Structures are given as C-alpha cells and as structure tokens.
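Participant: Each chain, written out:
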Amino acid sequence: MTTQKRQLHLGLMFWGTGTHPSGWRWPDAKADAAYDIDYLQKVTRIAEQGKFDFVFLGDKLATDPSLQRSNPAQMSRLEPFVAGASLAAGTSQIGIVVTANPTYYDPYTIARFFASLDHLSKGRASWNIVTGADPDAAGNFSRDEHWTADRRYDRADEFVATVKDLWDSWEDGARGAAENEAAFDPARIHRLEPGTVFSVAGPLDAPRSPQGHPVILHAGTSERSRELGARDADAIFTSHVFIEPARAYYADIKARARRYGRSAEDIAILPSLTPIVAPSTEEAVAIFDRLNSFLAFDPEDAIDGQGVFGNRGSARSRNLATASKVFGVDVTGHAHDDFVPPGTYEAANDDGRRLFGEITRLTRRRLEGGARITYRDLVIAASVHVPAVVGNPVEVADHIQHWFDNGAADGFNLFPAYVPGAVQSFVDLVVPELQRRGIYRTDYSGPTFRDHLGLPRPASRFAPDYTEKRKQA
Amino acid sequence: MSASKLPLIIGYLYEPYGSHPSGWRSPQSAHDPYDVDDLVAVARLAEDAKLDFFAVEDRLVADMSDPASPSRATRTEPFTTASFLATKTSRIGLLVTANTSYYEPYNLARLSASLDHVTHGRAGWTVSTGATQPADQNYSQSPLPAERHYARADEAVDVIRKLWDSWEDDAFIRNKATGEFVDGEKIHPVDHEGEHFRIRGPLNVARPPQSQLIVGHAVESGEGEAFAAREADVVFVTPGSIEEGQTLRQQLREKASAEGRDPDSIRVIVEITPVAAATDAEANHLVAGLDALGGHAPGLVVVGSAETIAAVFAAWAEAGAADGFLIRSAVLPAQLRAFAEFVLPELRNRGLARSDYDAPTLRGNLGASPIPNRLVA
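Listed in order, the protein sequences are those of chains W and P. Under our numbering, read the first sequence as residues 1 to 473, first letter to last. Under our numbering, read the second sequence as residues 1001 to 1377, first letter to last.
Because the hints were derived from the structure by calculation, they are not lab data. It is possible that some hints are incorrect.
[Said to hold, decoys possible] As a list, the in silico BS3-like pairs of lysine-lysine whose alpha-carbon atoms are at most 25 Å apart:
#  : chain 1 : residue 1 : chain 2 : residue 2
1  : W       : 30        : P       : 1005
2  : P       : 1050      : P       : 1005
3  : W       : 51        : P       : 1050
4  : P       : 1186      : W       : 60
5  : W       : 5         : W       : 60
6  : P       : 1088      : W       : 42
7  : W       : 30        : P       : 1186
8  : P       : 1050      : W       : 30
9  : W       : 164       : W       : 42
10 : P       : 1088      : W       : 122
11 : W       : 30        : W       : 42
12 : P       : 1176      : P       : 1186
13 : P       : 1005      : W       : 42
[Stated by the list, open to error] Covered, in the sense of this in silico footprint (three residues per stretch, anywhere, with C-beta under 8 Å from a C-beta of chain P), are these stretches of chain W:
#  : region
14 : 71-80
15 : 83-91
16 : 105-115
17 : 148-160
18 : 195-206
19 : 276-288
[As the list claims (entries may be wrong)] In silico contact screen, one side only, chain W against chain P (beta carbon under 10 Å); selected entries:
#  : residue
20 : 169
21 : 173
22 : 260
23 : 360
24 : 363
25 : 428
26 : 438
27 : 442
28 : 444
29 : 447
On a predicted model such as this, the values are computed, not experimentally measured, just so you know. C-beta: ideal position from N, C-alpha, C; glycine also.
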C-alpha cells in the first residue's frame, strides 16, 4: 500500500470552440475548430502536457440550426470515433473517451470499435455510455418514437454485458507467434451465449486489447442510470452546481458500487467544472464578463427554449421575463445595466436567492457596495447556469480541493469555456498549484488510461483461472 | 472495346496477415497488425509509392475455420484504423469497407463524412453487404436473400448521399462580430421515408470536403454489378483472365451507361497479388517457399521480375480489361516494398503509373468530377 496522497483525476470536455455558447466569439478562438483536426490535436496535447487523465468526446445524434444559440460546438462536429482515433494518432499518453449510444448501435460494432481504438492508441480507449436523452435522435434512426428510459436501459444493460463478453472472447495470449504453425489458439477463443435482447455469436474479430476492458464511463441521475454506473462504470460524470447534492450523489454511487462487490476506489466520481482562471481575480472576472457579453439576448416576448434561431436549443431564453420566472420576482422593464436593489433579493424565491449567491461567487459583485449586481447578471445567471469557478489559481485550486476533500469529487471533467485559452491557462496556472499541494500527478504513472485511473487490468472472464481469482479477491 | 485510360489507378488492399495464407509465417514477414507502428509503416510505404489509396477491408466476423490463415479471423476496425492513419499520412486516399446490412445509415453517414474531414478529402467508402459478407450471427439477425441485402444497400447509399449534402458548403457564417454561426437556410433536413429507413436529418457533420466520398464496391454477383453500375466510382473485381476482365469491364460500363452515367465514371479495378523479385527465378522461388508453408495466394497472382509483372499490367490495360489494379501483398511489408522498388519504376517507364499525386483529394487523384449538392434547387 502506497502512502501517497489520494490523487485528483482531470478530464477535458472537448468542444472545439469552447463549452460557453459564445466561446467561439472569443478573440483567440478558432471559429472553425470543429473540423480542424490538426488544431484539435494541438489542444489535446496541451491537456496532455497538463497530465490530464483524458480528453472527452461527447456526441449527439440529431441536430438543428437553432443549436447555434445554446450549443454551437455541439451542433456540428466530427463523429467521436473518427475524432478519437485521429486524436490518438496525435497524442501518446492521454486517455481518449468516445461517447456511444447503445440505443442506436449493435454490441458487436461497439465492441470492435473500442477494441480497435484500444489497440491503435496502445491502451487509451474509453467508452462513455449514454442511452439517449435526446428524443430527436429517434427521427434519424427509423424509430416511431423516443424509447422510454426503461426500454433504453433494458437494452443498455445487456448491451454492456455483451460488449464486455466480446472484449473477453479472446483470452490473453490466444494469439500465436509466427514460429508456431497457428496464428491463434481456438481453444482460448470463445463464443457467446444468446441473450434476451441480443443474439451475438462472437467471438470478436480482434484479440484482447491492451486494457482488457477499455475504461467505461457513464453519467446520469435516474435510478437505472445510477445502477448501470455503479455496476459497470469506472468513472461517473455529474453536473451538480452545489456541493450538498454532489456529496449525496457521491455517497449514493459509492454505496451502490459496494453492493455490487466493488470498492469505493473502483469508481471515480467526476463532476463537471468550468474554470475561468487568470493570474488575478480581477482578470478572471473580466474574462467571465467578456464571454457573457458575447451572448445574444432574446426579445422580451421570446418563450423559453424558443430563441431567435429556432426552437430546438434547450437553453432558457435570455431575457428579463425568463429571469423573473427563475428568480421568482418580477424584474421586467429594467435596463440591463441598472443595479439590482437589495429588495429584489428579499422578494426572490429560494432558487433565486441561491442564484444571487452564485452571481456573487462568480463575479464578486454584490447588491451593495462597490461592484454591484446588474439586471444583465440576472439574465445570464438564469440562462447559463453551469458549475463554474472564476478566480486566480489559488482560488480555483481551493474550489477543486474543497470538493475533492469533502466527499463530492474524485476529480473533475473540465469544461473549457473558450479554446485554447481556458485549457492553456488551467494547465499553466492551476495544474502547478494542484501539484504543489500534492493532490495531482506530476507525470503519468503508466501508459494506459486504466493506469491513470489506478485501475487494474481485468482478466478475461473466459480465462481458466478467472473464477478462482475472483474468489481470492 | 474501350481502352483503359492511363495512367492506371493503383490502390493497395491492406490485409493484416498478407494475402498468402502463410505469408505471416514467411521469414520475410515483419508485420504485427496489432502493433500500430507496423501498420503506419505499411501505409507510409504505400504513400511513398504514390499509390492512389490504401484500403482497409472488413468482415464483421472472426472466421476461425483455419488457424493457419489468420487474415480471415482478425483485423482492426476500418473507420478507427483509417482515422488513425489520416494523421500519419498526408496524400494517399484511405478507403474503408463498411457493411450496410449491419449499420444504421445515420451512423455510417457521420463516420464517413467525418473521415473525409480528418483526411482533408482523402476518404472513400467501399460498400459491402450481408450478401457477400454475412454477419447475421453477430447482429441478432436471420439470414436474408442477396436481393434483400442489396435493396437495403441501395436505400442506405441513397439516404447517406443525401445526408452528406444536408449542409451546404457555405452553411457556416462564423461571424464573431455579429454572432451568426450558421445560416439555417443552408442546412437541410432530408426527410427520407423509405422501405427500410425513415431519417429526418440533417446530418450533424458538415459537408465532406470531397462533397461526396469516393464509393467503391467489390463485385461478386449480378446484384453486385447492378449496384456498382448505379453507385460506384471504383469497382473491385476478380476476373480469372484478361478475357473475363474485358467482358466484366465492358458489362459494367454498359450498365453504368444504362443508369445514365458516363461510362468513364466507373473505374474497374482488378485485384491482384504481384510477387516481385529481381528476377523471375527469384520470384518463383519465393512463391515456392510460401506454398511450402501451406496454401496458395488466392485470386489473380503474377510472379516475376519487374518486367514480367509490368508486362502483365500492360496487357490488361491494352485489352481494356482494367482501369487499374488493387495490389495485394503476399508477405508484409516485404512484398509491398518489392512492388514499390521493382515494379513501380517499370510501370512508370511504360506510362502505366503516376509518379506523383496530382491533387489534394482522392476524388481529384482519381479524376472523378465534383458533385453538385442534390438538396439545393
């Protein structure tokens, strides 16, 4: 047992033009980054210089021009397996997370894509399982309707088990060497039993990959999602804004994992976090404000989710009418740059009061004194509400360590609001501070993503000594 | 009989263990398909030889029937392999085989369009179907007759072509000053309602750099010929003789004409394993050594010195029996290197092969025409 302090895990949620809806308008942003693989590789190498555990490629299975308002970086981009394999070719150590949806794929395809990516990347492949929260995807896959969550998870549960069996279908060492007459040993390559949803004979058309099982990630708060994650995932993403619910979720997942015979350390909980960091607090707040200044506000009569470009974007309208609803107090009719009087806080509902706290935490502006909260701040807080931290390197590291030390996080999936600036500044300013505190690696401890997460390489369940080893463990 | 256009198209078929069943056991063999550095080295050899494309084939099943012949049992997946190679190469075309019987068209459209972006317009898709590459047992399906697989392929290719077109080339505005990112009028749903698929669109990937990827098909049946005549830019064939090749190419050109296509837009590529050495005797000795280990190289095999092999290529071209060749290597990487070092210079001397790439895209190098957007009036 090592005496080293518990170590943070960091990932980069990779949207080429930034995770902020207006990140692409930042002066240094590359507005056409989504299709510039050389640039995407360059940014990934910045994260790799920062010793990040992984780069994360999300996915959606439907799009609409209206997404340009809320999620321009998600509207149109490279398919994640293609992007992931290309990023693997341009990097050497960072884990590569590819999102793939069991609702719209077959297990054989997914098993071989990840096995292949794991071989090509020398053990850095990872599957982020999403079951399809996006109802519009059904329209692109010949489905009459969006499946219910139960139906999706019924399929996903058996899907994941089948994929793992396929990954195991070639035992380690089943490949022969050229000095043998046979290139493989049929006795160590196995077929699968048919399941309820799937009938997959196997074996996979590839030998066991470097990690044995590529790393599995999952996100979600529903009962079925928590169960899938606790049973099958090596890491779980969350998106809590406040620490109390994050702690409750963390404890719940770890408890469920133990019920599946796993240890708490077998599963890492990684909340998302948008860090805005600069050498000084004032500079960081200025960046935050400038990013938000690029947001187009909606007319006062725009209805939630129906912005100026269409109706698919899920984000709330950016106007005082929406802010009034969210804060529970009528703030319509005011100029955006006017100061909000303290009475508005008194009149706000609980969510609204929490949001006032968030505005102050992020902008350092208050209802009284020097820097004052404006109505513009209310519109932005009501429409763009993500877990974020704004500050100098010590302040950002404090926030991270607070969650890390208090049962809310084993690490973070970092959302770079603007690219490459937010990646570079985090690596340059915050990473050294975390390393100084002894809670973050100064170098990779091994070549594979499982190594980064401190996970052992699993044996094939078809290996002769598999059951015996499980009993001993 | 229409003569072949010169120079010929020369592509490479990557077979992880070589085309000879015992190629991987040859003393000359130095290739581990699961060592990515070996894979990259082979692709770069093909690129240095200025070959038109590097094709990654696929089967979707592990055929374990012959442990001595591993090429049918195992391979890396084509899209991930080609995407990885995209960054490790810069000029050579990258063809992936993908089977329309076992993929959703929306996923295939995303994968292929994205491959064209990361290769900067060097991607091609060899369409296969469950008719000749059955994988029902791994896809919870029951076997279907060939015509059903081809009916699905027809519809899949049709809707994928529309999805590739769903973003006009200038759909992106990306004006930082005004905040306009895209022009919604230039992003089109496809609203496809067919026998097999209902797909609304648009695709969530920008229009590929080549607009439409190069489409290939390996013909093994009448259904395959009809499909190729409708859709394929390059057709892979395995005739047993020059005469068979002549007939097959003529048939394909006529069928393409009957589909309203320019017959020169369908390029008939003959699969061939050239076993090259400095002399005919050495080459024959090589083959004898491989055969002694077990098996024979399948399909068309030509064994000999550069002159011998180039003469065969020339005869096929003169007879109008091929628009090009898909090179298979009996032993990796030795026989690819031998082809590049011995045979290609001779082919170039005879005007049969290019000495450099003409264009940045695969479509350009193949001399294929640009394609207008079918969703724009």
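Participant: Each hint needs a verdict: does it hold in this structure or not?
Facilitator: Here is what the structure says about each hint:
1. 30/W with 1005/P: 43 Å, violated
2. 1050/P with 1005/P: Distance of about 18 Å is within 25 Å: holds.
3. 51/W with 1050/P: Violated, at roughly 38 Å.
4. 1186/P with 60/W: 20 Å, holds
5. 5/W with 60/W: 37 Å, violated
6. 1088/P with 42/W: 15 Å, holds
7. 30/W with 1186/P: It holds: about 22 Å lies between the C-alpha atoms, which stays within 25 Å.
8. 1050/P with 30/W: 33 Å, violated
9. 164/W with 42/W: 32 Å, violated
10. 1088/P with 122/W: OK: residue 1088/P and residue 122/W at ~16 Å, within 25 Å.
11. 30/W with 42/W: The given pair, whose Cα atoms are some 12 Å apart, holds under the 25 Å limit.
12. 1176/P with 1186/P: 19 Å, holds
13. 1005/P with 42/W: 42 Å, violated
14. 71-80: Held - the region 71-80 of chain W has 6 residues with a Cβ nearer than 8 Å to chain P, which meets the minimum of three.
15. 83-91: Contact hint for the region 83-91 of chain W vs chain P: holds, 7 residues under 8 Å.
16. 105-115: Since 7 is at least three, the answer is holds.
17. 148-160: violated (count 0)
18. 195-206: holds (count 10)
19. 276-288: violated (count 0)
20. 169: Hint on residue 169/W: holds, closest Cβ of chain P at ~8 Å, below 10 Å.
21. 173: Since chain P brings no Cβ nearer than about 13 Å to residue 173/W, farther than 10 Å, the hint is violated.
22. 260: 27 Å, violated
23. 360: Constraint on residue 360/W not satisfied, violated at 28 Å.
24. 363: 22 Å, violated
25. 428: With Cβ-Cβ at 24 Å, over 10 Å, it is violated.
26. 438: Result: violated, 35 Å to nearest chain P Cβ.
27. 442: 27 Å, violated
28. 444: Constraint on residue 444/W not satisfied, violated at 18 Å.
29. 447: 13 Å, violated
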